[in-house]
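J.: Listed here are the chains, written in short residue letters.
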Amino acid sequence: DVKVTQSSRYLVKRTGEKVFLECVQDMDHENMFWYRQDPGLGLRLIYFSYDVKMKEKGDIPEGYSVSREKKERFSLILESASTNQTSMYLCASRLLGSDEQFFGPGTRLTVL
Amino acid sequence: KQEVTQIPAALSVPEGENLVLNCSFTDSAIYNLQWFRQDPGKGLTSLLLIQSSQREQTSGRLNASLDKSSGRSTLYIAASQPGDSATYLCAVTVTNTGFQKLVFGTGTRLLVSP
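Top line first, the protein sequences correspond to chains A and B. The first sequence begins at 1 in the numbering used here and counts up by one. The second sequence begins at 1001 in the numbering used here and counts up by one.
Accuracy of the hints is not assured; some may be wrong.
Here are some, though not all, of the chain A residues that point toward chain B, as calculated from beta-carbon distances under 10 Å [claimed, not checked]:
1. F33
2. Y35
3. Q37
4. G40
5. L41
6. G58
7. D59
8. I60
9. G63
10. Y64
11. M88
12. L95
13. D99
14. Q101
Please keep in mind that the hints were generated in silico from the structure rather than gathered at the bench. Cβ atoms here follow ideal geometry from the backbone N, Cα and C, with glycine treated the same way.
Generate coordinates for the entire structure from the input sequences, incorporating the hints supplied.
T.: Below you can see the structure in the form of structure tokens.
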């Protein structure tokens, strides 16, 4: 079974803090994704990565950056957290050429 | 820009009923369509994937149909059970600058009462 894990289920941070959300997958997938999920807006793509050290902006990249130094790990970084970044963050991975994305359990981030 | 809409936003049914969830999308140029299930506070689990050339897919009590020309998909759940209670999301795969990405609907929250 593919397993996608996220470092925290719940996180509370202060405005202005630098926040790291970590995602690890164990199936050697090339593609990895970060989404945020908000009521009434659904899931929106923040960033994705084709492969190690590669990254592409998604639909809402503002206020975020990412890092993919190793194939199994994709990090989402909030350089200076703001209250409007309070959300559920979901990571996913996909084997190159496959149709299916596998999702992690999510991190619910609250920025106070 | 592709937009995906799901109706109804919420649905409550008694156990044993057959039910239909609806999904519509604005641009028929899709690569495939997927239905996901999300339990409260959890990630997404893929239920069914329909390629753009297919009309339907079945898995157990679930049947998903796709009418690409009209921009519609339905998820049919037969003989619903309380364990089916969850949010159901539909998503289409579109090609954007050579990369395929998912565009999600906002989901239908289903409650099946014993």
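J.: Decide, hint by hint, whether the structure agrees.
T.: For each hint, the structure was consulted:
no.: 1; hint: F33; result: 8 Å, holds
no.: 2; hint: Y35; result: 8 Å, holds
no.: 3; hint: Q37; result: 9 Å, holds
no.: 4; hint: G40; result: 6 Å, holds
no.: 5; hint: L41; result: 7 Å, holds
no.: 6; hint: G58; result: 7 Å, holds
no.: 7; hint: D59; result: 8 Å, holds
no.: 8; hint: I60; result: 12 Å, violated
no.: 9; hint: G63; result: 20 Å, violated
no.: 10; hint: Y64; result: 16 Å, violated
no.: 11; hint: M88; result: 8 Å, holds
no.: 12; hint: L95; result: 13 Å, violated
no.: 13; hint: D99; result: 6 Å, holds
no.: 14; hint: Q101; result: 7 Å, holds
Going through the hint list in order, the structure does not satisfy hints 8, 9, 10 and 12.
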